[in-house]
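The chain contents come next:
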Amino acid sequence: MIGTSRGAIASACVAALVAMGLYYARVAMSAEQGWRWCMEAPEARQHSVLIFPLWTVTSIENDHHYTISKVVKDVPVDGDSLRLQVGATVSVVADFDWNSGAPIARQTYLEVHTLRVWKERLGVLGFVIMAGLLPWCFVLLRGEPGVLAERTRWVRWRT
Amino acid sequence: MADLITHSCAALLWKAATCRAVPRVAGQNAWPLPPTVATFVLGTCLPDLFGRVPSMALTTLRWTVPSIPEWTIYVLGPLHMPFGILVMSVLVSQLFGDGTRRTAAMQLTAGGMLHMAVDLLQSHLGAGYLLLFPFSMWDFELGLIGSEDTVRIVPVLLPLTIAVCAWRWRSIRPD
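As they're listed, the protein sequences go chains C and B. Residues in the first sequence are numbered consecutively from 1, following my numbering. Residues in the second sequence are numbered consecutively from 1, following my numbering.
Bound conformation, chain C alone (with noise of 0.2 Å):
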């Protein structure tokens, strides 16, 4: 494929989605706000709103503390962890508190994604579908190495 125009069309494609992606990477690492954002200078972003959406418990401290997880492990948050268990999916809106000595959010609102597991099995189950009945719907051209076609009929190579 290398050297044809299917090549140079697929080189300039994965150059165009890695500049992409490193410039997502760059701008999502650099954003100005979060927890990361908020620990880098403490004192100075003492109140600020930290908003985490769709993010894990990952261990319940008492009926007040919990800590969640995603790109940062283990934030503290102190809020009602009665209706928590860990692993649960949540979502949280706080107050980043560093006066209390340690830093900690300070939850202001919460959402627990009671249905989260079950999405993520359908989500499974469906990759599982779709990986045993997907490459079913396609067929390699006779002649034509790596080249790819739609399934017409019940044959295994498409002339």
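Where hints are given, some of them may not hold.
Partial list, derived from the structure: chain C residues whose beta carbon lies under 8 Å from chain B [said to hold, decoys possible]: (1) 24; (2) 25; (3) 53; (4) 138.
Which chain B residues stay away from chain C? Per the calculated CB distances, all over 12 Å, these [to be verified]: (5) 13; (6) 16; (7) 117; (8) 144; (9) 164.
Calculated from the structure, these hints are not laboratory results. All C-beta atoms in this analysis are idealised placements derived from N, C-alpha and C, irrespective of residue type, glycine included.
Use these hints to put chain B onto chain C, whose structure you have.
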């Protein structure tokens, strides 16, 4: 993101509404799906398969293997955004033969855009979807359904999709 079953059902229903079955040829064991359906469904699945699943797996893996660089979580993110979907579709279409490559690129892209349309129905806490990335960081979502509401829809959507597709694509006989 909605789950892959919801996305695939949406793609099949779209195709059932817009795509006529190829009349069967006597004596030939025809493939039941009309042309372009499989490519369209594949295009619907690609944004999650390449743009979301690896990132989610890496995010969880980093809790136990912190040496994994953080940028690896984000680098595939554009594959779940419209411009990234377009480029990815053109890339994947290069696997197809000369005569079908342009059609494949269009079907993959259209499937990816349907994926985005379904995802835009959801509401998330915080930012929505970056529809104009890399040209703008403007984010948007319609917020009509919760992010897990598709779980309630699937038990109805899946049998409905099977029934509609079976009716639509098996009821057409050779003229």
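- Satisfaction of the residue 24(C) interface hint, Cβ to chain B closer than 8 Å: holds, 5 Å
- Message: The hint names residue 138(C) as touching chain B; please verify it with the least Cβ-Cβ distance against 8 Å.
- Response: Constraint on residue 138(C) satisfied, holds at 7 Å.
- With 12 Å as the threshold, tell me whether residue 144(B) passes as away from chain C on beta-carbon distances. holds, 17 Å
- Item | Exclusion check [residue 13(B) not at the chain C interface, CB over 12 Å] | holds, 15 Å
- Can we confirm that no CB of chain C comes within 12 Å of the CB of residue 117(B)? holds, 18 Å
- Query: Under the criterion of a CB-CB separation shorter than 8 Å, is residue 25(C) in contact with chain B as hinted?
  - Reply: For residue 25(C), the interface hint holds, since the closest Cβ of chain B sits about 4 Å away, which is under 8 Å.
- Status of the residue 53(C) interface restraint (C-beta, 8 Å, chain B): Constraint on residue 53(C) satisfied, holds at 4 Å.
- Item | Interface-negative label, residue 16(B) against chain C, beta-carbon threshold 12 Å | Holds, because the least Cβ-Cβ distance between residue 16(B) and chain C comes to about 16 Å, which exceeds 12 Å.
- Item | Consistency of the no-contact label for residue 164(B), given chain C and a CB cut of 12 Å | Check passes; 17 Å lies beyond 12 Å.
Of the numbered hints stated above, none is contradicted by the structure.
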